[in-house]
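Q: Let the sequences and hints guide you as you build the complete structure.
Here the numbering used here runs 8 ahead of the position in the sequence shown, where the first position is 1.
In case anyone wonders, no lab produced these hints; they're calculated from the structure.
Nothing false has been slipped in among the hints.
Capping the alpha-carbon separation at 20 Å, the derived lysine to any residue pairs in SDA-like fashion look like this:
1) K62 <-> F236
2) K226 <-> L209
3) K118 <-> L89
4) K118 <-> A84
5) K62 <-> L256
6) K105 <-> I116
7) K62 <-> V253
8) K62 <-> L231
9) K118 <-> N212
10) K226 <-> I208
11) K118 <-> I208
12) K226 <-> G73
13) K105 <-> F92
14) K62 <-> G73
15) K226 <-> G137
16) K118 <-> V151
17) K226 <-> M133
18) K118 <-> L129
19) K118 <-> F92
20) K118 <-> I204
21) K118 <-> L88
22) K118 <-> L219
23) K118 <-> D107
24) K118 <-> F214
25) K118 <-> L215
26) K105 <-> W159
27) K62 <-> I252
The following label-pair restraints were derived from C-beta to C-beta distances:
28) E65 <-> H222: 21 to 31 Å
29) Q266 <-> L88: 16 to 26 Å
30) L183 <-> V22: 45 to 55 Å
31) V124 <-> H222: 19 to 29 Å
32) V16 <-> Q266: 24 to 34 Å
33) A262 <-> W19: 20 to 30 Å
34) S131 <-> V16: 54 to 64 Å
Don't be surprised by glycine CBs; every beta carbon is placed ideally from N, CA and C.
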Amino acid sequence: MKARLHTVVVWLAVLMMALPIIWMFGTAFKSPGDILQSGVNLLPRELSLSAFEKLFEGDLLRLVGNTVLISTGATAVSILLAFFCAYALVRYRFPAKLDNVFLLGVLIIKMMPPIVIAIPLYSLMNQVGLLNTRIGLILSYQVYTLPFCIWMLLGFIRDIPLEIEEAGAMDGANLLRRLGYIVFPLCAPGLVATAIFSMILGWNEFLFSLLFIHTPDKFTIPLFISNFMTEDGTAWGEMMAIGIVSSLPMLALAGYMQRYLLRGFSMGLK
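A: Structure follows, in structure tokens:
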């Protein structure tokens, strides 16, 4: 009886998580007239590609390219800085517990509402000429991605035994060689897992893109999606279609990196 109840609960949970995805796919392939009809219809009465055709009439490939470039750039910067920062916090001792103060400050920044940081950040970027640039957006995304990467990499680096580095130091390896040949390879699964989640954060970011990007040629996908919600109504078909298209790159990345992702999680659980 308990086993059957457990199975029923699991399938209900799976159904609840799958329902929005089924709805998204069903709406994306509906005709405009089918979408406007009242009632709850998860699946289309007849398949229609009109929503996808309207998407590819515009600069969809440019939008995907902008989003890939910006999210990848933000992830690369975050991983590089977070790796050295997390290593220093794990391996070195700071006076007056400054390491704990730093981690607390990073956590506070991560938990703050983004709009609180966006206003002074907008003023700063305006002064240095980084508004409406991809580089400015990559740097501004560090508010989201860098604190997350630091906290994730702390656990992965702690799992690397200190004795391995000490053995390398006894063989004459300096700090950079130990980082490059010992710490980095052992921490690689954790770095991949962190990079995937950082990519997702950058891929889905909307507020900073809305504030800092002014010309359509530099739009990201989340910013483009907002154009389907106007005072005249919501283009549900196009919105669901772009939702499918924008999800595919991240699903492909996570699927390709799945083994590294699982190994990264197993490192953090040791």
